[in-house]
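Participant: Quick mapping for you: the protein sequence lines, in order, are chains A and B. Numbering follows the numbering used here, in which position 202 of the first sequence is assigned residue number 821; successive positions increment by one, without gaps. Numbering follows the numbering used here, in which position 394 of the second sequence is assigned residue number 1102; successive positions increment by one, without gaps.
By construction, these hints were calculated from the structure, which means they are not laboratory data. One or more of the hints may lead you astray.
[Said to hold, decoys possible] Mimicking SDA-like on lysine to any residue, the simulated pairs with C-alpha atoms at most 25 Å apart in a straight line are:
| hint | chain 1 | residue 1 | chain 2 | residue 2 |
| --- | --- | --- | --- | --- |
| 1 | B | K1248 | B | P860 |
| 2 | B | K944 | A | L643 |
| 3 | A | K695 | B | V938 |
| 4 | B | K944 | A | R700 |
| 5 | B | K1223 | B | I1202 |
| 6 | A | K695 | B | P860 |
[As the list claims (entries may be wrong)] Short derived list, chain A residues pointing at chain B, Cβ under 8 Å:
| hint | residue |
| --- | --- |
| 7 | I630 |
| 8 | V634 |
| 9 | S674 |
| 10 | F675 |
| 11 | R693 |
| 12 | D698 |
| 13 | P701 |
Idealized CB from N, CA, C, for every residue including glycine.
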Amino acid sequence: MTFALVFLAIIMATVIGWLLRQTLNTQPWEANDPVENQPGRGVISSDPAKIGLISFIAVVTSLFALFLSAYLMRMKLGDWRPLPEPNLLWLNTAILVLASFAFQLTRGAATRGQLLTVKIGLVAGGACTSLFLLGQLVAWQQLNASGYFMAGNPANSFFYLLTALHGLHLLGGMWVWGRTTMRLFAGADTRSVRLSVELCAVYWHYLLFVWVGLFALLLST
Amino acid sequence: MAYVAIADRDHEIEHHAPTTFITKYIWSQDHKVIAIQYAVTALFVGLVALILSGMMRLQLGFPNSFSFITPIDYYQFITMHGMIMVIFLLTALFLGGFGNYLIPLMIGSRDMVFPYMNMLSYWVYLVSVIVLLTSFFVPGGPTGAGWTLYPPQAILPGTPGTDWGIVLMLGSLALFIVAFTMGGLNYVTTILQARTRGMTMMRLPLSLWGIFMATILGLLAFPALFVSAVMMTLDKAAGTSFFMPAVMSMGENLSHEGGSPILFQHLFWFFGHPEVYIVALPAFGLVSDLLSTHARKNIFGYRMMVWAILAIGGLSFIVWAHHMYVSGMNPYFGFFFATTTLIIAVPTAIKVYNWVLTLWQGNIRLTVPMLFAIGFIFTFTHGGLTGIFLGNVVVDLPLSDTYFVVAHFHMVMGVSPIMVVFGSIYHWYPKITGKMFNQTLGKVHFWITFLGTYAIYLPMHYLGFLGVPRRYFAMGDTEFMPESAFTLNQSITISALIVGAAQLIFLYNIIVSLKKGKDAGPNPWQATTLEWQTPDTPPKHGNWGPELPVVHRWAYDYSVPGYHDDFIPQNVPADATPATSEHGSDT
Ligand code: HEM
Ligand SMILES: [Cu+2]
Chain A
620 MTFALVFLAI IMATVIGWLL RQTLNTQPWE ANDPVENQPG RGVISSDPAK
670 IGLISFIAVV TSLFALFLSA YLMRMKLGDW RPLPEPNLLW LNTAILVLAS
720 FAFQLTRGAA TRGQLLTVKI GLVAGGACTS LFLLGQLVAW QQLNASGYFM
770 AGNPANSFFY LLTALHGLHL LGGMWVWGRT TMRLFAGADT RSVRLSVELC
820 AVYWHYLLFV WVGLFALLLS T
Chain B
709 MAYVAIADRD HEIEHHAPTT FITKYIWSQD HKVIAIQYAV TALFVGLVAL
759 ILSGMMRLQL GFPNSFSFIT PIDYYQFITM HGMIMVIFLL TALFLGGFGN
809 YLIPLMIGSR DMVFPYMNML SYWVYLVSVI VLLTSFFVPG GPTGAGWTLY
859 PPQAILPGTP GTDWGIVLML GSLALFIVAF TMGGLNYVTT ILQARTRGMT
909 MMRLPLSLWG IFMATILGLL AFPALFVSAV MMTLDKAAGT SFFMPAVMSM
959 GENLSHEGGS PILFQHLFWF FGHPEVYIVA LPAFGLVSDL LSTHARKNIF
1009 GYRMMVWAIL AIGGLSFIVW AHHMYVSGMN PYFGFFFATT TLIIAVPTAI
1059 KVYNWVLTLW QGNIRLTVPM LFAIGFIFTF THGGLTGIFL GNVVVDLPLS
1109 DTYFVVAHFH MVMGVSPIMV VFGSIYHWYP KITGKMFNQT LGKVHFWITF
1159 LGTYAIYLPM HYLGFLGVPR RYFAMGDTEF MPESAFTLNQ SITISALIVG
1209 AAQLIFLYNI IVSLKKGKDA GPNPWQATTL EWQTPDTPPK HGNWGPELPV
1259 VHRWAYDYSV PGYHDDFIPQ NVPADATPAT SEHGSDT
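Please take these sequences and the hints and turn them into a complete structure.
Facilitator: What follows is the structure in structure tokens.
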């Protein structure tokens, strides 16, 4: 549980630290008239959707941290036999990096209003992600073919479980990606998709980060 | 473009009021309608859980008298009762119900920031409830594993409901978590982003601080339940061995090998303890507002109350293993967790003192919500004190899994939050419906419930000291149970049935008052918070008419000297009132 605790401690410390800054040095019982157009002190200047996404990322972090804690605890028991990760995973990782890269480019293009680049970038990002997911499926098949079944050993079970979970989160992102792309090709201008593109980029970077962490753990154990 | 808070972009945002019956009341995206949907659903399953508890009590009080309650039924009742009460009633009601209703109104916003997701949240919750209740009708019935669902027994033959029941339970929990996450992201983002002008964090009513922190806890802790549910489902359905050790069952070796049941316990309680505060923090918040309003006095030590909520929230993640003292853990761990458990009692005790000090020299009005709020202080203090017993390893060892534990957790997280639920429903009923409920019936409901719960749970402490174990269908003939223990059990059962029946008074009152109640007017309790200042009662879609309110003061300006009323609503300008800073945080 140490692992999950460290992550949660970081998240909680951020939340509570921020909240404390809102609450120290205030005299709540004093009445005053707020200045025109000045929001309540401590509003984070950001779009609600961004705050929503950041909170969601905190939730997903908690989820993965707990899975990894379980992994590390289960690993210590006697029957754990590591499985050989298929080399294909390296290729998949590279593809996911490309996807992330594509989204980053798209994000920049969307702020500058370059419609064509946004279109190309989105399609490329989506294509790379689909390729990554496909690659993961192939990796599963390879493992299955060489006899590393889900129920064979806890190491296998965790491998399938964690990769599936990560893939599902990517699929969720693909849903937003699909809606954005459709809107764009139906004639929306870059302004109206800017926010979605930006959110996608952040989410993809985050899932890349999760994948790299997972992959490193899987390789090293 | 300079940043403009969404609270100040009100005129740019279009608000379409729904027009058809379906969009208004069924597929509604209005937070008030969703709140009521959540609350009604939660109260309905709560009623199911109440009936189950009545059946269990019948068996315990009069063993061998009811042939329709078998040991298998008893385990299934326990499990469903516990799980429904904790998750599907209290969590859903406090956050989905009160959270949804109060957050936008109290911060002066027109709705949640993601209304569509809010609607989805309710519908997924409803599906999770339906899945849960379906398990009563599948072959083998619901799971009888206890609400803690400990493996290996939860999925081994011999425990009731291992074919379908456990799978439906785990699936239903997973759905609930999805629903809660959608709602929770909404509550957090709305509080952070949609506060009206002047509504600083430190001017939030304590209700919202409680709901806010509880939501954060839920968002971070429910994943632990999700993780354990997923892995247990795989152990059950795919033959993995995350939690399942090698077991012989009915003379045969099962395919599982090497798994760790203790791992499950860690994950479960990593969720389970914060869950206690997911239920308790909203109750703390709501009760603070009830006490302040009905005592006509500002809450004592507002900032301390906020910090206590933050401290409890943070600490609640490092006490989970106090539920596992008997699992054979390293004594140093036990020492660590006992210490953190006692530390968390400090901010909790501060809150209790502050509630009592709020009442001191207040102008107390013994309205129905106030009675329930004061009742909460009693029951919570009792439950909290026994928690300090159980938090110490040496005291817990003999008491673990006895009726002392049953008494403790019912007082602290059963009865106390329920007191606040009733108090809050009575308090906000006039705003939600526009009608006043019947005060006399409300008082009768309070006294029967309050005295009745003591009649139920005080004797259970004694049964626990005797060593009567929990989760037992019948005690049979035992050396250690004197005759008096059996009569006590009968008296507990009779009290429980009376308390259960008394809840019909409550239902009757809130249903009949919908039609027959007197018009309540916009602000019957003369409260300061924004939800009482809406132009319409009940508030219409969009809550505020053309202009959003502007906030000039905190939520606790009661009995300010020199002002013509004994309350100053939050949206009254500062210069309309005498300088309040001199009156400070005490009266
Ligand atoms: C009149 C109200 C209630 C009565 C009469 C009642 C009665 C009972 C009984 C008889 C048991 C089984 C004890 C055993 O055999 O070990 C039980 C267990 C339990 N109750 Fe209640 N209860 C009530 C309300 C609540 C509420 C409001 C909650 C909400 C937190 C709650 C939560 C639980 C839990 C978590 C368990 C443990 C289930 C388990 O052992 O797996 N109960 N209750
Ligand atoms: Cu606990």
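Participant: Each of the hints needs a verdict: does it hold here or not?
Facilitator: Right, here's what the structure says about each hint:
1. K1248/B / P860/B: violated (52 Å)
2. K944/B / L643/A: At roughly 50 Å apart (the allowed maximum being 25 Å), L643/A and K944/B break the hint.
3. K695/A / V938/B: holds (21 Å)
4. K944/B / R700/A: Satisfied, since the Cα-Cα distance of roughly 21 Å is no more than 25 Å.
5. K1223/B / I1202/B: Given pair K1223/B, I1202/B is violated - Cα atoms ~33 Å apart, limit 25 Å.
6. K695/A / P860/B: The given pair, whose Cα atoms are some 19 Å apart, holds under the 25 Å limit.
7. I630: For I630/A, the interface hint holds, since the closest Cβ of chain B sits about 6 Å away, which is under 8 Å.
8. V634: holds (6 Å)
9. S674: holds (5 Å)
10. F675: holds (6 Å)
11. R693: OK, holds: R693/A within 8 Å of chain B, min 6 Å.
12. D698: Interface hint status for D698/A: holds (4 Å vs cutoff 8 Å).
13. P701: Nearest chain B Cβ about 15 Å off; hint violated.
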